[in-house]
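Asks: This is what each chain is made of:
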Amino acid sequence: GENVEQHPSTLSVQEGDSAVIKCTYSDSASNYFPWYKQELGKGPQLIIDIRSNVGEKKDQRIAVTLNKTAKHFSLHITETQPEDSAVYFCAAWLAGGTSYGKLTFGQGTILTVHP
Amino acid sequence: DTAVSQTPKYLVTQMGNDKSIKCEQNLGHDTMYWYKQDSKKFLKIMFSYNNKELIINETVPNRFSPKSPDKAHLNLHINSLELGDSAVYFCASSQELEWGADTQYFGPGTRLTVL
Chain A
1 GENVEQHPST
11 LSVQEGDSAV
21 IKCTYSDSAS
31 NYFPWYKQEL
41 GKGPQLIIDI
51 RSNVGEKKDQ
61 RIAVTLNKTA
71 KHFSLHITET
81 QPEDSAVYFC
91 AAWLAGGTSY
101 GKLTFGQGTI
111 LTVHP
Chain B
1001 DTAVSQTPKY
1011 LVTQMGNDKS
1021 IKCEQNLGHD
1031 TMYWYKQDSK
1041 KFLKIMFSYN
1051 NKELIINETV
1061 PNRFSPKSPD
1071 KAHLNLHINS
1081 LELGDSAVYF
1091 CASSQELEWG
1101 ADTQYFGPGT
1111 RLTVL
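Heads up: the sequence lines are chains A and B, in that order. 84 is the number that my numbering gives to position 84 of the first sequence; each next residue is one higher, with no gaps. 1108 is the number that my numbering gives to position 108 of the second sequence; each next residue is one higher, with no gaps.
Pulled out of the complex, with its shape left as it was, chain B reads as follows (with noise of 0.2 Å):
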């Protein structure tokens, strides 16, 4: 049974573009997440929804815009795409988020290569 989904698995496009990668969790959590890692590996938080609700933006550019429908989904629109961008993204998802963290659950990545 897939824990955390996402789709696409790889995504290859222009400088300019606008696109969307989606992630659902069958899990019944409440707290969603989406990391980007660069091409050194470097694992870095953007965005954190609990319940819906934006919890944390790590200073992410606003062309990146994630929009969680329910408690399910926690989907990732990105406009104008820059080279920089290029990255594998990862959802993930807990059970709560409180004083002391629960374990993520990651997805298997989305691969964005921007040219």
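So that you can see chain A by itself, here it is in the shape it has in the complex (with noise of 0.2 Å):
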């Protein structure tokens, strides 16, 4: 199965400043890699993905970055604010040979803006 590990745990960082999370995952056979961020005491949203056959996806402030090669992928953070802190998870989904596939979760950042 799919095992995917996520760094760092926590990220503390001045409002304005960029952030990097980072994720690797083990099985090459991944195609389809989001981001989710998940508020205090509210489900998962997602705010960014990125599937296989890209190498990069942007969107405003945020921006995840995929190696299949090296089999990881990370999401950056610019200009970052106060309402950026959240829990932030990355997955990777494992189609399951004839079977349905299912997402991987990593283990989650927390994620402090300071104003």
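A few of these clues could be false.
In the DMTMM-like style, the derived pairs of lysine to aspartate or glutamate whose C-alpha atoms are separated by at most 20 Å in a straight line are [claimed, not checked]: (1) K1044(B) - D49(A); (2) K42(A) - E1024(B); (3) K37(A) - E5(A); (4) K71(A) - E5(A); (5) K1044(B) - E15(A); (6) K37(A) - D1102(B); (7) K1044(B) - E39(A); (8) K1036(B) - E39(A); (9) K1041(B) - D1085(B); (10) K1036(B) - D84(A); (11) K1044(B) - D84(A); (12) K1041(B) - E15(A); (13) K57(A) - D1102(B); (14) K37(A) - E15(A); (15) K1040(B) - E1024(B); (16) K1067(B) - D1018(B); (17) K1036(B) - E5(A); (18) K1071(B) - D1085(B); (19) K1009(B) - E1053(B); (20) K1044(B) - E2(A); (21) K1040(B) - E39(A); (22) K1041(B) - D84(A); (23) K22(A) - D49(A).
Derived from the structure by calculation, the hints contain no laboratory data. Here the structure is a predicted model, which means the values were calculated and not measured.
Put the two chains together into one complex, using the hints given.
Replies: As structure tokens, this is what we get:
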């Protein structure tokens, strides 16, 4: 099965700085990599995703990069704001051969943006 | 408009009791999921259903029994609750489950506390 490692577990930055969260996955057959943001008391919400045929994707202050050879992908947040403070999860989707696949999540990163 | 809703939001009960959590999605999705988030925020899939049929069962104890009366609903019944069942349970849905995954939309979660 798939195994996803996420680092760091906590990240503290000043407002306006950039934040980078990194994930590695174990199964080279994984082909879809979403990032979720979870605010306190709420469910995870997708913020950006990338598929294995793309190396980079950007949406305003958020970008994701994927290195298939090294089996790692990263989330980049620029010009951080206090409202970016949350728990961020990476995930990898592995199709299950002839059966359905599933998402495996990283351990999460608690991001704190100080005003 | 609520996309994925769960009831109840909080559930406090005694060990040995039986309880149910309900989930509904109004997105017209074909696939629904149950995830468990433990005290360390780790998210792990428990079940997935596609068009009312069980697709994934991640070696969850058979005290947990999901039921999907129709495509829009996926309920979770738990028998003989144990202390270790205390967690936040999230329901999610996606458009379809295929070789290339689609975005999963999460509900607000149900915090289960077993005393």
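Asks: Which earlier hints can't be squared with this structure?
Replies: 5, 10, 11, 12, 15, 18, 19
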